[in-house]
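Participant: Using the sequences provided together with the hints, build the complete structure.
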Amino acid sequence: MPHIAHAPILRKQRWGDYYLFTFRAPALASEANPGQFAMIRVNETPYPLLRRPISLHAKEGEAIEIFFKVAGEGTSLLARKNEGETLDVLGPLGRGFDLDIPLEGKTAYLIGGGRGIAPLFFLGCELGAKGAFVKVLYGGRTVADLPVRDKFENAGLEIVCSTDDGSSGYRGFVTALLEVEIAGRRPDVLFVCGPDPMMRACAGIAGRHKVPAQISLESIMGCGFGACWGCVHRIRRSGEAKWRRICEDGPVFAAEEIVWDEEL
Amino acid sequence: MADLTADLGFLKLRNPVLTAGGTFGYGTEFDRFLDLSELGGIVVKGLYYGPREGNRPPRLVETAAGLINAIGLQGVGVEAFAAEVLPELRRRETTIWVNVCGSDEYEYLRVIEFLDAQDGLHAYELNISCPNVRQNGLCPALNPRWTFDLVRAAKAKSRRPLVAKLSPNVTNIAEIAKAAEEAGADGISLINTLLALAIDADTRRPKLRNVFGGLSGPAIKPIALRMVYQVASAVKIPVIGMGGIMTGRDAVEFLIAGARAIQVGTANFIDPAAAGRIVREIDEFCDARGIARAADLVGTLIV
Chain A
1 MPHIAHAPIL RKQRWGDYYL FTFRAPALAS EANPGQFAMI RVNETPYPLL RRPISLHAKE
61 GEAIEIFFKV AGEGTSLLAR KNEGETLDVL GPLGRGFDLD IPLEGKTAYL IGGGRGIAPL
121 FFLGCELGAK GAFVKVLYGG RTVADLPVRD KFENAGLEIV CSTDDGSSGY RGFVTALLEV
181 EIAGRRPDVL FVCGPDPMMR ACAGIAGRHK VPAQISLESI MGCGFGACWG CVHRIRRSGE
241 AKWRRICEDG PVFAAEEIVW DEEL
Chain B
1001 MADLTADLGF LKLRNPVLTA GGTFGYGTEF DRFLDLSELG GIVVKGLYYG PREGNRPPRL
1061 VETAAGLINA IGLQGVGVEA FAAEVLPELR RRETTIWVNV CGSDEYEYLR VIEFLDAQDG
1121 LHAYELNISC PNVRQNGLCP ALNPRWTFDL VRAAKAKSRR PLVAKLSPNV TNIAEIAKAA
1181 EEAGADGISL INTLLALAID ADTRRPKLRN VFGGLSGPAI KPIALRMVYQ VASAVKIPVI
1241 GMGGIMTGRD AVEFLIAGAR AIQVGTANFI DPAAAGRIVR EIDEFCDARG IARAADLVGT
1301 LIV
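The listed protein sequences derive, respectively, from chains A and B. Using our numbering, read the first sequence as starting at 1 and increasing by one per residue. Using our numbering, read the second sequence as starting at 1001 and increasing by one per residue.
Simulated from the structure, these hints should not be mistaken for laboratory data. Computed from a predicted model, the values in this text were never measured in an experiment. Any given hint might turn out to be false.
The following label-pair restraints were derived from C-beta to C-beta distances [claimed, not checked]: (1) A:Asp-17 with B:Arg-1159: 57 to 63 Å; (2) B:Asp-1035 with A:Glu-73: 41 to 47 Å; (3) A:Ala-144 with B:Leu-1301: 55 to 61 Å; (4) A:Asp-261 with B:Arg-1032: 33 to 39 Å.
A virtual CB, placed ideally from N, CA and C, is assigned to each residue, including glycine.
Facilitator: Structure follows, in structure tokens:
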């Protein structure tokens, strides 16, 4: 059940264009699951008009964390909020990662590209608590795109990084790193969030290695709760491809359900 | 507490606040956020006879104080609506209106015929004005003759009150409204969205896959008010006004312009409890000014 909360910002952290906000929202926190998101209103005036979908990065008691990158007007306004101010938050929303699968003693690889790392911290903590062996593959263009890597280590989660320019960790795309890691140890499940081409490549790798993968899609959203039908993606279920709502039917889908080529 | 009842002649509403078709899903999506019995009514998302795919994404783009959409009326069709949604929806204590669509006159009439056989509906809103289903926003409401013919045929078929939803993309809105009135419409609702285009200057491409879409939100309110005023001055049947209503005060402006009821649209996306809040804000507006009946505001523009 989603709630609208006026949540006080407890802590604001910044690394360049990346921000991490911690806010107090007890009702939201008590119901939030990894992979879900919140719709956040960035200002009081009608421009920008719509709330912004932001995925939930962590849950700590009655507090929720969000991690985002300034990408446009909405996130730019959000980034200007300060500790002590309140956020108008609607959530939790969406169908998060499916954790109703065998996890005890299983190996899960979590692949995050850039700000796509956001939901994977919440997920990694939850998977760890369920007895899964978690390895996080965190990729960015350069080392500055990996601001929350230490957080995973501090939480006891194994993390391997990649950068396109080799400034940190493996030199190359995180998808290439995934190929290397998968050759070393085949995981039981993959969880992926990042830019579309990266997720599409991960889906292909998962398919070739016959590893089930759950992919968290992103979209502009009108409402975030299934009413406007603005955020659709092509999804094939039982042989039938349809436009399904990322906000309500997702944002997490099984890799094999996602039709990447929209021309089809 | 003011008397908020709205008498449309063909239907009495608890208050003048309805939700606009296409912005409120099939209604039950909003149970999580507000009590539908607080509303004058809800207008269910446009229904064709069969299921409909809708347009390819991107379907939405935000603009200054507005939103351009090209959803393309994706929907489940009347049979699935009657089987899966209506049994639950009709338990809500509010009036339920269906936004009726068709790709031709035959389909509009089939939809009405099917819905006429279902219990628990109160009125139809004939969607003759969606800009997103044909090239260049073509729709029946662009032409008084097309409007007259379709409304007359639909009214002859329907056992329920029928309101024609008009397009703002015309030169003379009063002429279209009069055509709908002469054809037997029980009311007029307006405005549907304004045909619009958003461009990405870097790629030189339209921001919507459909190229054009329909603009809604606060940006269009002044145009909507003007058209509601023109139509309410031209016809005797009740007018239902909409276009960028975000607050009770916005709603009151539409009543003053001549609307007997209003619809809340884009606001539902930002505040899913908006329609209920707007009911309370109309009440507060009236109370603060000693207005006993909200209906007394209707058509009171002083010029």
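Participant: Hint by hint, note whether the structure agrees.
Facilitator: Verification of the hints:
1. Range check, Asp-17 (chain A) to Arg-1159 (chain B): Cβ separation about 60 Å, and the 57 to 63 Å hint holds.
2. Hint check: Asp-1035 (chain B) to Glu-73 (chain A), Cβ distance near 34 Å, so the stated range 41 to 47 Å is violated.
3. Restraint check, Ala-144 (chain A) to Leu-1301 (chain B): a C-beta distance of roughly 58 Å satisfies the suggested window 55 to 61 Å.
4. Between Asp-261 (chain A) and Arg-1032 (chain B) the beta carbons are some 35 Å apart, a value that agrees with the proposed interval 33 to 39 Å.
Violated hint for the displayed structure: number 2, the only one.
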